[in-house]
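Novice: Spelled out, the chains give:
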Amino acid sequence: MFDKKMIKNVDWLFVGLLLVLLGTSLFVLASASGNLVASKPYYFVQRQAVWMLLGVLVAAAVAWFNYRDLEKWTKPAYALMLMLLVAVLLVPPREGVEAARWLYFGSFTFQPSELGKLVVIVSLAAYLARNQHRIKDWRVFWGAIALTFVPMLLILKEPDLGTSLVFGFIMVVMMWLAGIPRKRVLVLLLIVFLLVGVVFVDLWFATDGFTHLAEDLPLPLPMRTYQLNRLIIFINPEMDPTDAGYQIIQSKVAIGSGGLLGKGYGEGSQVQNNFLPTHHTDFIYAVVGEELGFIGSLFVLLLYVGLLLRAVRIALSAGDLFGSLIVSGIVAMLLFQIYTNIGMTIGLMPITGITLPFFSYGGTSLLINMVAVGLILSVNIRSSVKLF
Amino acid sequence: MFEPINSAEQTAEQHFSKRTLVFVAVLLVMFLVLAVKLFALQILNTDVYSSISSNNQMRIVSQPAKRGDIYDRNGIMLAGSEICYEICVSTAASRGDEVNTLANNLAAYLKDPELTAEAILDKVKSNPRAYQPVVITTIEAEGNQHLLAALEENRDDLPGLLIIEEPRRVYPGGNLASHLLGQMGQISDTDEELLDSYAYLATDWVGKAGLEKTMERFANSEGEEIGLRGQRGLQILEVNSKNRIVRTVSSEPSVSGNSLVLTLDAKVQAAMEKSLKDTVAKISKSRPKAQAGAGVLLDVKTGAVLGLASYPDYEPENFIIGLDGELSSYYYDEKLKPTYNRAVSAAYPVGSTFKVSTALAALVSGVVDAETEVLCSAETWTIEKAKCTKEHGWVNMREAMAVSCNTYFQDVAAMAGIENMYDTFKKLGYGQLTGIELTGESRGLLANPEYKQLNFEGRDAVWHRYDTHYMAIGQGYSYYTPLQMAQAVATIANGGVRMQPHLVDKIVDYQGETVYQWQPRVMDEIEISDYAGRVLRDSMIAVTQDGGTGYSMFGNYPVTVAAKTGTAQTGLAGDDKNKDYHGWFIAYAPAEDPQVAFAGMIEYGYHGYASAGAVCKAAFDAYFGYEGLTTAPVYSSVVE
Chain S
1 MFDKKMIKNV DWLFVGLLLV LLGTSLFVLA SASGNLVASK PYYFVQRQAV
51 WMLLGVLVAA AVAWFNYRDL EKWTKPAYAL MLMLLVAVLL VPPREGVEAA
101 RWLYFGSFTF QPSELGKLVV IVSLAAYLAR NQHRIKDWRV FWGAIALTFV
151 PMLLILKEPD LGTSLVFGFI MVVMMWLAGI PRKRVLVLLL IVFLLVGVVF
201 VDLWFATDGF THLAEDLPLP LPMRTYQLNR LIIFINPEMD PTDAGYQIIQ
251 SKVAIGSGGL LGKGYGEGSQ VQNNFLPTHH TDFIYAVVGE ELGFIGSLFV
301 LLLYVGLLLR AVRIALSAGD LFGSLIVSGI VAMLLFQIYT NIGMTIGLMP
351 ITGITLPFFS YGGTSLLINM VAVGLILSVN IRSSVKLF
Chain P
1 MFEPINSAEQ TAEQHFSKRT LVFVAVLLVM FLVLAVKLFA LQILNTDVYS
51 SISSNNQMRI VSQPAKRGDI YDRNGIMLAG SEICYEICVS TAASRGDEVN
101 TLANNLAAYL KDPELTAEAI LDKVKSNPRA YQPVVITTIE AEGNQHLLAA
151 LEENRDDLPG LLIIEEPRRV YPGGNLASHL LGQMGQISDT DEELLDSYAY
201 LATDWVGKAG LEKTMERFAN SEGEEIGLRG QRGLQILEVN SKNRIVRTVS
251 SEPSVSGNSL VLTLDAKVQA AMEKSLKDTV AKISKSRPKA QAGAGVLLDV
301 KTGAVLGLAS YPDYEPENFI IGLDGELSSY YYDEKLKPTY NRAVSAAYPV
351 GSTFKVSTAL AALVSGVVDA ETEVLCSAET WTIEKAKCTK EHGWVNMREA
401 MAVSCNTYFQ DVAAMAGIEN MYDTFKKLGY GQLTGIELTG ESRGLLANPE
451 YKQLNFEGRD AVWHRYDTHY MAIGQGYSYY TPLQMAQAVA TIANGGVRMQ
501 PHLVDKIVDY QGETVYQWQP RVMDEIEISD YAGRVLRDSM IAVTQDGGTG
551 YSMFGNYPVT VAAKTGTAQT GLAGDDKNKD YHGWFIAYAP AEDPQVAFAG
601 MIEYGYHGYA SAGAVCKAAF DAYFGYEGLT TAPVYSSVVE
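Keeping their order, the protein sequence lines are chains S and P.
Okay, so the first sequence: first residue is 1 according to my numbering, each after it adds one.
Okay, so the second sequence: first residue is 1 according to my numbering, each after it adds one.
Read the hints as simulated data drawn from the structure, not as lab findings.
For every residue, glycine included, the Cβ atom is placed at its ideal position computed from N, Cα and C.
It is possible that some hints are incorrect.
Each computed BS3-like pair below joins lysine-lysine, with the alpha-carbon atoms no more than 25 Å apart [claimed, not checked]:
#: 1; chain 1: S; residue 1: K136; chain 2: P; residue 2: K18
#: 2; chain 1: P; residue 1: K18; chain 2: P; residue 2: K289
#: 3; chain 1: P; residue 1: K301; chain 2: P; residue 2: K452
#: 4; chain 1: P; residue 1: K506; chain 2: P; residue 2: K301
#: 5; chain 1: P; residue 1: K452; chain 2: P; residue 2: K427
#: 6; chain 1: S; residue 1: K183; chain 2: P; residue 2: K18
Among the chain P residues that face chain S by a calculated CB cut under 10 Å, a handful are [what the hints assert, rightly or not]:
#: 7; residue: F23
#: 8; residue: L28
#: 9; residue: V33
#: 10; residue: D47
#: 11; residue: V48
#: 12; residue: S53
#: 13; residue: A149
#: 14; residue: S442
Working from the sequences, and respecting the hints, build out all of it.
Specialist: Written as C-alpha cells, this is what we have:
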C-alpha cells in the first residue's frame, strides 16, 4: 500500500508554507493573548502549541490513509453527521449562549458543523466523481444540491448563518469544477446575489437607509434580531459606536492605525489595552494589522495565497477526479473562511463567528483544518501512483 | 508556484483544468480585494485611524448612587452612607515595568504599613480578571483629602491608577434597631429578579433583610420607585493611551436614594434593647435556657411602632465589612440565631396574657358581665380543664384577671363558644400577617374546628371541649408573635379599632421634600360597648394593683397601667413541663387615656412580671420620661 514514491510526491512547498503560517500564528498569539491571564502570559500560546503538535500528527495520520478508501465511508459518515446536527438542535444551549451550535461532553465542547464541512466535501466529491459521465443530467445537479442543503439548512437553524454560507460556497465551487453546466452554476450564483439583495433592500426600508436598528421589516425574514443587526451595523457601524458597532470600529481603528510598519510587536494600544474584544480568536488578524502593519498583513495574505495555490496545483495533479474534488472543496472552504474573517476585521464583510484558519486561537477548528491538510496530502502523495 | 498540468487526457480532466483557471482567478481577485482594502486603511487613511486610536478611547464609568438614610421619628440617624474611595489598578492599562513603578509609588503615597510595594504587586498580579480593575484599598473621604489630591495630581507616576467613588453603608447606632434596619449584602443568586428586571450590576450591594430589603425599591401608588436605592449615574469618557481623560462624551449624574423617617423612637428602642439584654443576663443566671426575648411598643391610636426589639441582636455594619470566623459562628448559631427577629418572625404560646382576649370575646358575645362568677375549686377542675395552682373560690372577671385564674377563663370561653371566640380573636389580628415593612414575618397560628379538620385525622380532627379551654388560656393550638400580641393589646386599648402596625412614617427625597406619607389604616373593628370596655379595663388595672400579678412591677407607677402577665408552657419537645416556661407581659398605659401598648416575652423567662415586665417598664419609662424616677418594685405575694 505504501510506496517510497509517495514521499517523493510530497509538495514540500505546501508543507513549508503551512508551517510558516502556523509559526507566524503562534508568534502573533503570544502578543495577542499575553495580557489575558495576568500571571501566565504564555498560557494560550502553550495550549495552542500543544494543539498544533497534535494537529501535525493527525495530518500525518490522515495523509498516510488512502483517501480512495473514504468513498465507502461517505454514506455512514454523512448519516452520522446529520444525526449530530439534529442532536445539536435538540440539546438546549448552555446558559448565556444564544445559538445551539455545540455538543457538550463534560467540559469539552464540540461543534458538529465543523466536522460537517469535511463530510460534505468528501460526500460531494464522491457523488460528483461517481456521476462524472452524466454530469450534465439535471438529476446530478439536484442531487448535489440536496446533499449540501440538508446539512446546510440544519446549521442555518442553529442559527449559524456564517457556517451555512461556507457550505453554499463549497458546493458552488465543487459543482463548477466537476463540470456541472455553466449556466446552471451561474443561475445558482444569481439567485444567491438576488437573495442578498432582497435582504439588504428590505433592511434599507426598515431602517430608513441604515440610520437605526430595525424594528419591523416590510418583508419578514427568517433571521434572529442580532443577525439582522450585524448586517445593519456592517453597513453603518457609526450608528451605535459603543455597543453593536463597537467591534467593527475598534478593529478598523486597530488595523488602520497600524500604518505601513505597524506599532511594533506587543505595542498595539488597541489590543494591549483591550479595546478590541476577542482579539486572540475571531479578531486576531487585527493584531497583525495593528502591530505588524501593512507589510505584516500583506505577508500573511501572501502566505494564504501561496498555500491555496499550491493546494489547487495538488488538485490538478490528483490521480482521479474524486481526489481533485476533495482538495478543491477544501480550498473553497479555507478561501471562504479566510475571506470572511479578514473581511470582517477590515469592514468588508459583516461580523460572523467564522475564525481565521490556522491562525485564530482554538483547538477544535485547528484540528479540523489539520485533518483537511491531511486529506490534501493524502491526495498529493498518491497523485502519480497510478493504481488503475 | 502555479503551472498548468499538461498530462490530462480525459475530457473531465480537461474541463477541470479549464474551469480551475477561472476559479484561481476568482481566488486571486478575492485576495486582491482584501489587499486593496488593507492598503486603503493602513496606507491611505492611517492618519485618521492613528488619531482615533491614540486620542479617542472610550471609558464607561458607572457612578453608584448614594443610598437613602434611615432616621427615627426625632431625626436621629440610624443608617447612613459615608463616601469612600476605592483605590484601584487597571491591569489592562499597566504592564511590565509600569506595574513595578506604580506599586512603588502607590505604596509611598498610601503609607500603609500593610500595603507595601510587594503587597500591591501581589494584589495586581493575582487578579483573576484582567479586564477588571483590582481594588487595592478603600479609604474614607473624611481626613484623606490630601492623599486623594496627591494621587490625582501625580497620575503620571501612577500608570493605570483608578479612583472610584463608592459610598459605604454605616450604622451610627451600632447594634441599635438591628433587626429593623436589617442587613446589606452583595447581590447574589437569590436576588435574580433584581439583576434581570431592575438593571442591577453584579457588584451591587442590596438590602438582604429588614427595612434595607423591604424599602430597597419601594413603589408609591403611582408605581414610581421611591425606595432607598437611587439610580446609578453613567459617564462616558474619552481617555488617551496614558489613561488621561480627554473629554466627557456624555454624563448622566446619579440620583440619590430617598430617606426613611421611621415612627420609631430611638430612645425607647435603646431602652427596650438594654432592658432585654439586662433581663436576659439576670434571669439566665438561675435559668440558663433564658437567652432570648423580644418586645414591641405600639402607638395605640395609629399603630405606629415606637420600639421593636429582639435579643440577641447584631451589628449591621459587620455584614458590610465582612464577618470573621468568630463573628460568623456567633451570627449563624443554630440556637441563638442573633439575626432572627423574634418580635415578628417567632410565634410562641402566649399563656395567660391571652386571657385578656378571652375576656373580651366573652364580654362581646354577651355571655358574661362584671358580676358573673365562676367557682374555682378542686371539684370544678374537670379532666378537660387546666388546673389552677390553688383554689380561687368564687371569682368574677376582675378577680380572675388579677390572680390569673385558669378556671374562670376556661369556663367563660366554653360559655361563649369557639365560634364567638374565634371571631373576636381574628378581628384582633391573631394568626394573620400584620403587613409590617419587615422581612420574615410569621403568621402564627390561630386555630378553629375547621383547622383541626383540615390538618388532622380521626379523633384528632374533631374540635374538643378542651381545645376551647386551652385556647382560652393561650395554650394548645395557639402560637402568636410578640407583634401580634402588641397589636391585640393596642386594639383593646383603642376601643376595638385595629390599626395596622407600621414603621415607615414618611419618605423624603435628598432635598428633604416628603414624597410619601403614611396614612393610618384601620384593619378591622370590634364593637365593644362602653360597659364591656370599662369592665375589661378595670380587670386589667387590677393586675397592677395590690393582689395582682403585676403589682410588684407597676404597683406605685406614676401612670395607671392596665396589664396582664403570662407564664406559658413552651410546648417544645425536650422542655420540662414544670420548669420551662416563657415569661410574657402585655400592658397599655395610661389606662384612663391609652397612648401606648406593649407586648413582650423572654424565652424561658418563667414569671412574666419579672421578665418581660421589666422590659415593659423600661419602655414605659423611656416613653413617658420616667427614666430618672426610681420606682422600686413592691413586694407581692401573688404569682400567676
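Novice: State for each hint whether it applies.
Specialist: Each hint tested on the structure:
The suggested pairing of K136/S with K18/P holds, with an alpha-carbon distance near 17 Å, which does not exceed 25 Å. Simply put, K18/P and K289/P have alpha-carbon atoms about 99 Å apart, too far for the 25 Å limit, and the pair is violated. The hinted pair formed by K301/P and K452/P fails the criterion: a straight-line CA distance of about 35 Å is larger than 25 Å. The straight-line distance between the Cα atoms of K506/P and K301/P is roughly 17 Å, inside the 25 Å bound, and the hint therefore holds.
At most 25 Å may separate the alpha-carbon atoms for a hinted pair to count; K452/P and K427/P meet this at roughly 20 Å. With a CA separation close to 16 Å, the supplied pair K183/S and K18/P stays within the 25 Å bound. The beta carbon of F23/P is positioned within 10 Å of a beta carbon in chain S (closest approach about 6 Å), and the interface hint is therefore held. Using the Cβ-Cβ criterion of 10 Å, the hint placing L28/P at the interface with chain S is satisfied: the shortest such distance is roughly 7 Å.
Taking 10 Å as the C-beta contact cut-off toward chain S, the hint placing V33/P at the interface holds, the least distance being around 7 Å. The interface hint given for D47/P is met, as the beta carbon of that residue sits about 9 Å from the closest beta carbon of chain S, less than 10 Å. At about 7 Å, the closest approach between the beta carbon of V48/P and any beta carbon in chain S falls short of 10 Å, and the interface hint on this residue holds. Against a cut-off of 10 Å between C-beta atoms, the interface hint on S53/P holds, since the closest Cβ of chain S lies about 4 Å away.
Evaluation of the A149/P hint against chain S yields a violated restraint, the C-beta minimum of about 27 Å exceeding 10 Å. A distance limit of 10 Å between C-beta atoms decides the matter here; for S442/P the minimum to chain S is near 36 Å, and the interface restraint is violated.
Checked against the numbered hints given earlier, this structure breaks hints 2, 3, 13, 14; the rest are met.
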